[in-house]
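Chains A and B, in that order, give the protein sequences.
Going by my numbering, the first sequence opens with residue 1, and the numbers climb by one from there.
Going by my numbering, the second sequence opens with residue 1, and the numbers climb by one from there.
Derived from the structure by calculation, the hints contain no laboratory data.
Where a beta carbon is used, it is the ideal one built from N, C-alpha and C, also for glycine.
Treat the hints with caution; some may be incorrect.
Said to hold, decoys possible - Which bits of chain A does chain B cover? Going by a derived footprint, with three or more residues having C-beta under 8 Å, they are:
no., region
1, 9-15
2, 30-38
3, 52-60
4, 73-87
5, 95-102
As the list claims (entries may be wrong) - Taking lysine-lysine pairs in the BS3-like style, the calculated list, with each CA pair at most 27 Å apart, reads:
no., chain 1, residue 1, chain 2, residue 2
6, A, 4, B, 55
7, A, 93, B, 55
8, B, 4, B, 55
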Amino acid sequence: MKNKTRNDIILAGILLLLAAAGFLLFTMLKSEGDIAAVIIDGKEVSRYPLDAELKTVITTESGVNTLVIKDGVVYISEADCPDGICVDHAPIKHVGETIVCLPHKLVIKIESKKTEMSLDAAA
Amino acid sequence: MRTKKLTSLALVSALALMLSYVEFLLPPIYAAVPGIKVGLPNIVILFVLYKYGVKEAAAVSGVRMLLSTLFFGNPVMLIYSLAGAALSLAFMCLFKRINLFSEVGVSIIGGVMHNLGQILVAMVLLETAEIAYYMLVLAISGTLAGVFIGIAGALLMKQFNKC
Numbered sequence: 001m002k003n004k005t006r007n008d009i010i011l012a013g014i015l016l017l018l019a020a021a022g023f024l025l026f027t028m029l030k031s032e033g034d035i036a037a038v039i040i041d042g043k044e045v046s047r048y049p050l051d052a053e054l055k056t057v058i059t060t061e062s063g064v065n066t067l068v069i070k071d072g073v074v075y076i077s078e079a080d081c082p083d084g085i086c087v088d089h090a091p092i093k094h095v096g097e098t099i100v101c102l103p104h105k106l107v108i109k110i111e112s113k114k115t116e117m118s119l120d121a122a123a
Numbered sequence: 001m002r003t004k005k006l007t008s009l010a011l012v013s014a015l016a017l018m019l020s021y022v023e024f025l026l027p028p029i030y031a032a033v034p035g036i037k038v039g040l041p042n043i044v045i046l047f048v049l050y051k052y053g054v055k056e057a058a059a060v061s062g063v064r065m066l067l068s069t070l071f072f073g074n075p076v077m078l079i080y081s082l083a084g085a086a087l088s089l090a091f092m093c094l095f096k097r098i099n100l101f102s103e104v105g106v107s108i109i110g111g112v113m114h115n116l117g118q119i120l121v122a123m124v125l126l127e128t129a130e131i132a133y134y135m136l137v138l139a140i141s142g143t144l145a146g147v148f149i150g151i152a153g154a155l156l157m158k159q160f161n162k163c
């Protein structure tokens, strides 16, 4: 019984350590992006620069989400999805960060022009 | 004996459904990352897994999922719940069988695998690999939730065996 409790603690420790290591990696790789890509059902439908203010309504098959870009951050101000998780989501601005609206199959993703260009240059 | 088992399983299914409802009523713990939950119904699943077995636990879990989706979920989320619950139960069964962990350890792996299953489905359905970073937060919350559920489940089993 004692051994099992010890193993439980080791298991929890390993999982927490893995997560912490992942976090460290992510914050080290994090850089501010400059493009918000709108992806509906896996297909990219539009891209907006982060340096211009914008308020636009995205219409998907299942409903509408209002996308706002202001002061370099992106967030969803309104949506008619049942859970409203996308509206509650904190504003995003770093490369790779996403706001996901599962009911509408909508993903807003931050990308960077620079990394894309350097990738193109490399290829 | 068969009737008794059937009745017991029906009873705990209803209990799991109630716990889903209680959890549904709770406000989101941390809205920035959806999916952070205590996973109250897992107390029941853990109990059934130990008291009866993996088949019975899968049945109760499936009934709970279908009913909670019908009552207060939304159909799109069913596939997420299904993937999470299936992966979670598979790993809990495995961890119980290797006999190295107590109820708490089994419940921890159950919590984390539930989150992992949902993230994997989201990655496939949305064709976005980036949401994998949610998993970092979910690994922590899943572990903590697993500790809580494991302790609650172990207490429940102890009391139940006394009766």
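Here is what the structure says about each hint:
{"no.": "1", "hint": "9-15", "verdict": "holds (count 3)"}
{"no.": "2", "hint": "30-38", "verdict": "violated (count 0)"}
{"no.": "3", "hint": "52-60", "verdict": "violated (count 0)"}
{"no.": "4", "hint": "73-87", "verdict": "holds (count 3)"}
{"no.": "5", "hint": "95-102", "verdict": "holds (count 5)"}
{"no.": "6", "hint": "A:4 x B:55", "verdict": "holds, 24 Å"}
{"no.": "7", "hint": "A:93 x B:55", "verdict": "violated, 46 Å"}
{"no.": "8", "hint": "B:4 x B:55", "verdict": "holds, 17 Å"}
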